[in-house]
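Engineer: The task is simple: from the sequences and hints, build the whole structure.
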Amino acid sequence: MKTRSLRRYAGVLAMAAPAAAGAQQAATPVLAPVVVTGSLTQQDQKDALGDISVIDRAAIERAGQSSVAELLQRQPGVEINHTGGPQTATSVFLRGANANQTLLLVDGRRMNTATLGAGDFQGMPLDNIERIEILRGTASSLYGADAIGGVINIITRKGGGDRPLSVHGNAGYGTHDTSRVSVGLDGAANGWRYALDAGYGRSRGYNATAKTVGGAPNWGYNADRDGYEQDNVSGSLGYTWKPGQEIAFDFYHSKLNGQFDAGGGMPPMNEYDDRLRQIINLYTLSSTNQLTDWWRSTLRLSQSNDTQRNLVAPGTYGYPEDGRTRFRTRQEQYTWQNDFQVAADQTVTVGYEFLKQRVDGDLYDASAPWPAPPSIAGYGVDSRITNSFFGEYRARFERHHLQFNVRSDHNTLYGGKVTGGAEYGFDITPNLRAGIGASTGFRAPTFNDLYWRNDGGTVGNPDLKPESSRNIELSLNYADDTTAAGIVAYRNRVKDMIVWADRNDGSFLWSPMNIGRAELRGVTLTGSQRFGQTTLRASADFQDPHDRDSGNVLPQRARQIYRASAEQRFGPASAGIEYLWSGSRYNDAANKQELGGYGLVNLTASYDVSKNLTAQLRWNNVFNKDYTLARGYNTPGSTVFMNLAWRM
1 MKTRSLRRYA GVLAMAAPAA AGAQQAATPV LAPVVVTGSL TQQDQKDALG DISVIDRAAI
61 ERAGQSSVAE LLQRQPGVEI NHTGGPQTAT SVFLRGANAN QTLLLVDGRR MNTATLGAGD
121 FQGMPLDNIE RIEILRGTAS SLYGADAIGG VINIITRKGG GDRPLSVHGN AGYGTHDTSR
181 VSVGLDGAAN GWRYALDAGY GRSRGYNATA KTVGGAPNWG YNADRDGYEQ DNVSGSLGYT
241 WKPGQEIAFD FYHSKLNGQF DAGGGMPPMN EYDDRLRQII NLYTLSSTNQ LTDWWRSTLR
301 LSQSNDTQRN LVAPGTYGYP EDGRTRFRTR QEQYTWQNDF QVAADQTVTV GYEFLKQRVD
361 GDLYDASAPW PAPPSIAGYG VDSRITNSFF GEYRARFERH HLQFNVRSDH NTLYGGKVTG
421 GAEYGFDITP NLRAGIGAST GFRAPTFNDL YWRNDGGTVG NPDLKPESSR NIELSLNYAD
481 DTTAAGIVAY RNRVKDMIVW ADRNDGSFLW SPMNIGRAEL RGVTLTGSQR FGQTTLRASA
541 DFQDPHDRDS GNVLPQRARQ IYRASAEQRF GPASAGIEYL WSGSRYNDAA NKQELGGYGL
601 VNLTASYDVS KNLTAQLRWN NVFNKDYTLA RGYNTPGSTV FMNLAWRM
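Residues 1 to 648 in this note's numbering are what the sequence shown lists, from first letter to last.
Keep in mind that the hints were calculated from the coordinates and are not lab data. There may be inaccurate statements among the hints.
[Stated by the list, open to error] Dumping the calculated DSS-like pairs for lysine-lysine here, alpha-carbon to alpha-carbon at most 25 Å:
#, residue 1, residue 2
1, K611, K158
2, K625, K211
3, K46, K211
4, K465, K356
5, K592, K211
6, K211, K242
7, K356, K255
8, K158, K211
9, K465, K495
10, K495, K592
11, K611, K495
[To be verified] Computed beta-carbon distance windows for the label pairs:
#, residue 1, residue 2, range
12, A573, D626, 29 to 35 Å
13, F426, D293, 28 to 34 Å
14, W500, A343, 48 to 54 Å
15, Y173, Q568, 42 to 48 Å
16, A372, A422, 54 to 60 Å
17, Y334, D626, 47 to 53 Å
18, H400, Y627, 42 to 48 Å
19, Y173, D293, 41 to 47 Å
Cβ atoms here follow ideal geometry from the backbone N, Cα and C, with glycine treated the same way.
Structural biologist: Okay, structure coming up:
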């Protein structure tokens with residue numbers, strides 16, 4: 001970011017301090033007091049180093065949003081992109097990093113697919129989530145591959161406390177014939193804790209494709225509605241058979257049936273009712289054992305499956321003749337972690353992790369010499385194993401906070417990577433902390449990058465190496481009982497980025513190559529202020545994510561984003577207003593297709609009908625602003641959603 005730009009906006013911190021946004025490491029009282037994503041062990045959020053936000057259950061319910069992506073869009077440093085609604089491919093950018101450079105976790109377990117490389121945020125519901133933790137900045141020394149931009153950890157409801165049984169539910173209806181119902185129960189008794197949640201949602205949706213693009217007809221236009229059905233169920237069961245000894249089983253299931261517009265071709269191909277079906281499952285068995293006063297051992301065994309089936313117009317190039325494809329990622333992840341309390345304020349953690357990834361899919365293979373027809377085949381190599389060793393030292397010496405991490409990942413396909421991280425915080429006063437951090441990271445090449453079949457235009461490259469990054473950041477955060485304010489400045493340099501380009505070998509094929517370089521730099525300002533029953537929040541992101549060779553801004557990322565909100569409580573009622581302004585972006589890497597900036601106003605309201613029943617209303621895009629996230633695709637317009645929430 002240019003020096004004059006920093007001077008121009010230096011005064012924003014003063015304005016943001018009394019009015020600002022989601023928490024950094026120093027939290028306002030409404031946030032969860034404990035975080036688990038910023039280090040290998042849980043800690044009080046006030047002690048956590050790094051740029052961390054927490055969206056707790058109360059904040060999720062107040063927001064009234066219907067998907068994880070919509071909720072994340074309200075957070076500093078986060079941008080989203082989709083092609084026609086929550087059921088379509090949804091990209092989440094942290095600090096300007098690519099979507100496949102953001103690691104998605106569910107209960108701390110890896111969920112990024114091994115085929116596309118990104119996390120599947122589309123259709124992910126909110127009713128079974130206890131909280132969401134967002135760690136901005138490179139975190140491969142904590143979690144391994146793909147955490148160049150940061151980590152989003154979705155933590156499901158677990159049950160606990162001292163109540164034997166609590167039941168909760170929601171029922172809502174809104175624009176586009178959108179409805180959602182959910183029900184759940186949780187509690188604890190006699191050493192057992194449990195939680196079970198289930199939900200179902202559907203929507204007729206809206207027309208995803210725009211009729212014109214840049215004033216010209218959109219050849220991919222399809223006048224149909226693109227709706228979806230989604231259901232989910234998750235649960236947790238734990239038993240503490242003696243103090244410090246717990247065994248637990250957790251599961252998560254989500255199924256999405258949706259319509260989308262592939263956006264290509266001419267009539268009649270573009271008029272086909274493209275559909276997708278996605279099923280995600282996660283199962284985790286864990287044992288936590290306090291072996292001595294100073295040694296705790298945790299063993300986690302998990303398996304996840306992400307299966308996606310697509311149906312496009314029969315005869316579409318690059319697809320099987322009937323237009324049906326299937327891709328699946330299966331991940332087995334085993335972790336053994338040992339935490340040693342070496343002193344009152346010093347913790348050492350060491351551990352080992354085993355990760356096996358297996359994929360299969362329907363790939364279009366046109367490699368056979370003419371006149372042999374194309375065929376459908378799987379990946380030439382369909383599995384890989386990563387063995388990882390990791391360690392952490394975390395300490396506090398009066399006003400000094402330290403955290404060091406190191407991790408070694410060795411993969412059977414692309415070799416080994418060693419990453420590290422170091423963070424230091426100094427308490428200038430009990431409420432004001434300055435911090436500095438540096439870390440390295442990497443993104444692993446996907447199976448699509450490595451082993452994509454020759455489809456006549458593209459082919460994978462098995463000689464790829466991982467992308468690498470170096471991140472450094474400075475922070476200053478203030479927090480007391482009613483006020484929070486923060487500033488974070490960062491620079492993250494990424495090299496060996498995997499870019500698809502012409503092979504220039506006479507084959508006319510494109511392949512992925514390690515030829516890209518990017519720099520992600522920026523400043524984030526946040527703050528919040530409470531006056532009795534009034535809460536004000538605001539944030540500002542000034543970022544410059546650009547290609548280091550061409551100087552072009554990375555596609556679909558704005559250089560400036562502002563957020564502000566106000567919430568007022570009136571006895572049993574509350575009302576709120578939100579504002580989001582995003583600057584212009586480019587749809588393409590060449591920076592030829594500009595997408596205009598936009599500003600959105602949202603309203604929220606709730607009323608406690610009784611101590612067990614609350615009525616909620618959310619009105620998004622009050623002024624029906626016409627804006628574009630992806631060229632050629634519509635956004636939903638002005639929408640209203642009403643919900644009844646109950647708990648007993």
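Engineer: Output the numbers, in ascending order, of every earlier hint that fails for this structure.
Structural biologist: Structure breaks hints 3, 6, 8, 11, 15 and 19.
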